[in-house]
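Asker: What follows is each chain in one-letter form.
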Amino acid sequence: MNFDQSASALQEIVLTLVVIAVAVAALEGFLYLVLVRWIKARLAVPLMLIAPAFVGLLLLIAYPLLWELNVSFTNMSLRRFCAPDFPTAGLLTECKGESMFVGAENYIKVFTTPVLQQAGFFQVLWQTVLWTVLNVTMHVAGGLGLALLLHRQMRGKGIYRALIVLPWAVPQIVALAVWRTELHGEFGMVNQLLDMVGVTGPSWLTDPTWNFAAMVLVNVWLGIPFMMVILLGGLQSIPGDLYEAAEIDGASSRQSFRHITLPMIAPVLTPAIILGVVWTFNNFNVPFVLNQNELETSDTLVTGLFRAAFQYNRYGFAGAYAFAIFAVLLLFVIFYVRRSGALKSANE
Amino acid sequence: MTSGTGIPIPVAAAGGASRAPSKAAGGRRDSFQKRLLIHGVLIIASLMAAFPIVRVLSIALRPSNALLERDFRLIPENATLDSFGHVINGTSLPQWLFNSLIITVGTSLVGLVFAATSAYAFSRYKFPGRGIGLTALLATQLIPATMLLVPIFILAVQLDLTGTYRGLVIAYSVTSVPFSIWILKGYYDTVPIELEEAARIDGASQLGAFWRILLPLSAPALAIVFLFNFLAAWNEFVLARVLIGSSTELFTWPLGILRFQAQFQTQWGDLAAASILVSIPIVALFLYSSKWLISGVTLGGVKG
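So the sequences go chain by chain: V and A.
Position 154 of the first sequence, counting from 1, maps to 154 under the numbering used here, and the rest follow consecutively.
Position 156 of the second sequence, counting from 1, maps to 156 under the numbering used here, and the rest follow consecutively.
By construction, these hints were calculated from the structure, which means they are not laboratory data.
Glycine included, every Cβ here is placed at the ideal spot set by N, Cα and C.
Please note that the accuracy of each hint is not assured.
[Stated by the list, open to error] Derived contacts from chain A toward chain V, CB cut-off under 10 Å, selection only:
| hint | residue |
| --- | --- |
| 1 | E69 |
| 2 | F114 |
| 3 | F122 |
Construct the complete structure from the given sequences, taking the supplied hints into account.
Answerer: In structure tokens:
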């Protein structure tokens, strides 16, 4: 470990944290003067409490999003790289005296031309939907199955639980880097094991179909433990008397599963599925690391976005692409909120 | 923003782990064959979950001339700790871990402060925009992190924040705040407000009651949120890749690990040894905390 490097890293980080602290103090002082001294607002305290997080999120999420919207109407690229004059950002329409405003062109291109070099938006969208549905289905099926098996008094329960949770506990990047290596056609564990039972393993890293299959398998391996733990928690909250009552009434185990277990874990299962869908849809690490940005056929929407932005450096196009993805997500959420009336608790 | 990338959220049933039913969930005692079958399935599942991880350990123990051999023994022939020695002394891994550690601890603390105060306002005050604010916080969790990369990258270039930690520190301080606010607000809501009112009667100010009564009572939730922020920043990778760039000395450990797993020639020994070293503290922390941590998800994250 290099001492100078460590010292300068430490210095830079501490300095940044001090700057954040000073900025927060300045913000609070300003708010104090305005809200408490000047307009004597009744709600001064909550506003001052929220202000730092609010400003932080504004800077990190809202401002970049607005700005991305602006970029999506330009033809910004690595060659035409102009950012607005920060912070007085007006609309960015020209760069070095040259107009870069292209109207809705990027949005038309997103849907009509191959997004990258081979795959069009709808193909990638289809891949992403397939990826999401396959993963979430298997996460729920596997997680629910294991949770049901573990939800009983038995020997070795703690050991099983600890071992099965391991894929979730290991840092994801580590797991992915290792899986990428283990999927190597010749030296990887997967094909060596297949070879031992007399099957010639496919080339997981270069064959489009098998690469996609490998992504799904690895993500299922990664995601089952989370679902299992959540559902196990849900199962444990079901009072045992319900089952006893059902048994006295002569219910079969299938009937008590259908009419007691499922309805009782629904409050846990439903949000877990929704979260699972959004997380899987947005999952960047798994496709990115397993595919190393090589095969476009393995792209999901978010890795396609990364490719457009940071491999082909088409920032304007990438901005439009990002909003197309956002629209897809928004449609899903609106559909879900309509169906279930979720988010009610937010307004309690 | 990054909470969607599969970060381990500490989850355990609220006090449920200790009261397993005395019989199977169906209410009947299992027959011998059924128990045999259940154990069989669980053993296979445990093997599938743990074997790839155990195998990495066995590869890390191999001598460098046997890295690519087909060998599924747990302790390989001529087992050696050379790979660990090389990773510690011959690579920048210690530097990367140090970089990650200071960034992560610093930003987690800042995020915790931001979230703890905002959550208090959301829990104890009624103000216009409160419901919208909470919904908006939840909505930020939908935005793919990748979507924000383009504008953040361009702004960082403009503000000269690339190739340094400054942009990264600011970003990490804020990314986990929305989720943290939800968890903490959910927890504050369960603490009776009468306790604070009693303190007010005894002469404490509103903020004094928050500081002296509510915060100490919320220690478990604050610990969860800190851990959550910590793991999110510790495992973050894309933003670091975009903002830090290519100078290896500045890398956080995920960038370094992926460097070992290079595109054409994986340094298998380095990768395996580094993976083990990086994972042990995280796995230990995770297994330890999952015993007592109450679910972040059920505590308010997605109460709807």
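Asker: State for each hint whether it applies.
Answerer: Against the structure, the hints:
1. E69: holds, 9 Å
2. F114: This interface hint holds because 4 Å falls under the 10 Å limit.
3. F122: Holds, because the Cβ-Cβ distance from F122 (chain A) to chain V comes to roughly 8 Å (cut-off 10 Å).
Of the hints listed earlier, there is not a single one the structure fails to meet.
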